[in-house]
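Residues 39 to 178 (my numbering) are what the sequence shown spells out, left to right.
Keep in mind the hints are simulated off the structure, nothing from the lab.
The reader is advised that the hints may include incorrect statements.
[Said to hold, decoys possible] The following label-pair restraints were derived from C-beta to C-beta distances:
| id | residue 1 | residue 2 | range |
| --- | --- | --- | --- |
| 1 | ILE41 | LEU74 | 37 to 43 Å |
| 2 | GLU128 | VAL72 | 15 to 21 Å |
| 3 | VAL72 | GLU40 | 34 to 40 Å |
Computed from a prediction, not measured in an experiment: that's the story for all the values here.
Note that beta-carbon positions come from the ideal geometry of N, C-alpha and C, so glycine has one too.
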Amino acid sequence: MEITLRLAAVYNVLWGMVAVLFPVQCFEFFGMQVPLYPQLWQCIGMIVGVYGVGYWLAADNPMVHWPIVLVGFMGKVFGPIGFSMALINEEFPLKFGLNIIFNDLIWWIPFFLILRATLPNNFILNSLSPFKKMYFRFIK
39 MEITLRLAAV YNVLWGMVAV LFPVQCFEFF GMQVPLYPQL WQCIGMIVGV
89 YGVGYWLAAD NPMVHWPIVL VGFMGKVFGP IGFSMALINE EFPLKFGLNI
139 IFNDLIWWIP FFLILRATLP NNFILNSLSP FKKMYFRFIK
């Protein structure tokens, strides 16, 4: 678990740096028209890089920091869905899918296995218990 999250952390930080430092070149590489506002791509790079920091921190104890892994896993599921919709609408070229392979798809199984390993100790209902306590404190 730790190695997977450390690798994901390094990958995300590096990918984020490339997107922030070279936004125009990213689009040119994929044969896409450079957007009017490359700052939006830089913002995506920043978000991906921040996920990397989260993965690095979660690697110390994935059993405790499983929500970080869950949020990352969700992004890795929703990213390909969004890409598929853009591909169907002919808004992105197929070559852009390389991003999806390396940013998302290769991480599905490792992240799923980490989450599955945490499930017995941290099932979602258990994670809601502080909210339940707070709720019942207010309705007394």
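- Task: Any hints from earlier that this structure breaks? Give me their numbers in increasing order, please.
- Result: none
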